[in-house]
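Residue numbers (our numbering), protein chains in the order written: chain F, 3 to 103; chain L, 3 to 103; chain H, 3 to 103; chain X, 3 to 103.
Think of the hints as simulated: they come from the structure by calculation, not from any bench. Hints may be right or wrong, so weigh each one.
Unchecked claim - BS3-like cross-link-like pairs, simulated, lysine-lysine; straight-line CA separation at most 27 Å: (1) H:Lys20 x L:Lys91; (2) H:Lys20 x H:Lys91; (3) X:Lys102 x X:Lys91; (4) L:Lys91 x L:Lys20; (5) L:Lys91 x H:Lys91; (6) F:Lys20 x X:Lys20; (7) H:Lys91 x H:Lys102; (8) X:Lys102 x L:Lys91; (9) H:Lys102 x L:Lys91; (10) F:Lys91 x F:Lys20; (11) F:Lys102 x X:Lys91; (12) H:Lys91 x L:Lys20; (13) L:Lys20 x H:Lys20.
The structure presented is a predicted model; accordingly, all values stated were derived computationally and were not measured.
4 protein chains.
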Amino acid sequence: MSEEAHPQHGPHGYSGDKAAVLGRLRRIEGQIRGLQRMVDEDTYCIDVLTQISAAKSALQAVAVGLLEDHLSHCVVDAARAGDPSAKVKEASDAIARLIKS
Amino acid sequence: MSEEAHPQHGPHGYSGDKAAVLGRLRRIEGQIRGLQRMVDEDTYCIDVLTQISAAKSALQAVAVGLLEDHLSHCVVDAARAGDPSAKVKEASDAIARLIKS
Amino acid sequence: MSEEAHPQHGPHGYSGDKAAVLGRLRRIEGQIRGLQRMVDEDTYCIDVLTQISAAKSALQAVAVGLLEDHLSHCVVDAARAGDPSAKVKEASDAIARLIKS
Amino acid sequence: MSEEAHPQHGPHGYSGDKAAVLGRLRRIEGQIRGLQRMVDEDTYCIDVLTQISAAKSALQAVAVGLLEDHLSHCVVDAARAGDPSAKVKEASDAIARLIKS
């Protein structure tokens with residue numbers, strides 16, 4: 003994980019919406035615990051898979067929200083400060099990892 | 003969620019590996035809690051996204067494992083018992099949901 | 003690519019629907035050529051991305067259709083002939099590749 | 003498709019790499035034609051699926067490249083010109099469509 007400090011960006015993009023992001027992640031945690039219960043109770047496999055698809059969608063929605071905040075803050079700030087190419091490359095690599103994961 | 007009973011299949015496909023599946027889901031729950039900590043501590047957005055990609059991969063690996071068990075048990079049993087077409091359609095729909103989610 | 007012959011399965015699962023699968027692939031080829039035209043004419047990037055998403059969805063729909071046929075034929079035949087575990091593993095690996103690609 | 007002109011951005015982001023993008027799309031077109039040949043010759047289904055996964059990966063790589071160019075040009079230009087929020091939202095929506103497709 004990058005240990006790099008980002009003092010020039012002040013609070014990260016998601017700080018404003020931190021409560022909303024945390025709320026979504028807590029709901030996803032609840033979905034994962036629900037999955038454990040389903041497996042523990044021998045729920046029919048297809049129903050477990052449907053619930054996994056839902057958790058995956060929810061996780062991706064969090065990622066897209068974070069990406070939008072990141073573009074709005076870090077990339078935009080870098081564009082205004084001078085050369086944003088490193089930030090753009092970093093964001094594109096994160097998008098590629100997300101698509102391929 | 004389907005309320006359909008599956009008495010003819012006996013214990014579901016994943017029952018044998020239940021402990022392993024539960025272990026994987028518990029690790030994913032830990033990853034989701036780790037994500038909450040990262041957001042709470044204003045971790046750099048790109049690092050949060052990397053961790054989301056890892057949780058998504060782990061969730062998909064659970065899904066593929068469940069699918070393999072489901073094919074090995076439910077679909078194979080249905081093939082031997084007569085007409086497996088409903089089970090095959092159901093599995094294909096689950097695969098499609100997983101790919102599109 | 004596997005050079006393995008599959009004489010025991012007779013015509014492959016998709017043979018019956020070969021015309022339909024070929025029609026879908028031809029439409030996807032048309033989408034890819036449309037993409038080349040868009041890029042050549044400097045179409046706005048976001049519109050090109052929308053068209054890429056559509057082609058990707060169409061490609062995945064072909065894959066899910068082929069998988070369903072494969073499960074209906076090869077896996078079901080293997081289940082009836084004896085031990086389907088190699089066919090199930092092979093199908094699961096293909097599903098995993100598709101999800102991760 | 004958006005009919006909006008983007009005169010302020012001059013040539014689109016990918017114009018510089020147009021030849022490279024077109025080359026990649028032509029290779030993908032070749033992959034799709036290869037898929038038609040495989041289906042026509044009754045190639046084993048799993049091998050067809052492997053080739054579909056490869057074409058999907060190649061298509062996504064084009065999308066990520068276009069996104070990176072788009073962020074580098076349109077989003078960065080908008081950031082410097084004033085309010086980039088519409089461009090950021092548009093890019094995030096395209097990323098979401100790509101992830102969900």
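**OP:** List in ascending order the numbers of the hints, as given earlier, that are violated by the structure.
**Re:** Numbers 6 and 13 - these are the hints that the structure violates, sorted from lowest upward.
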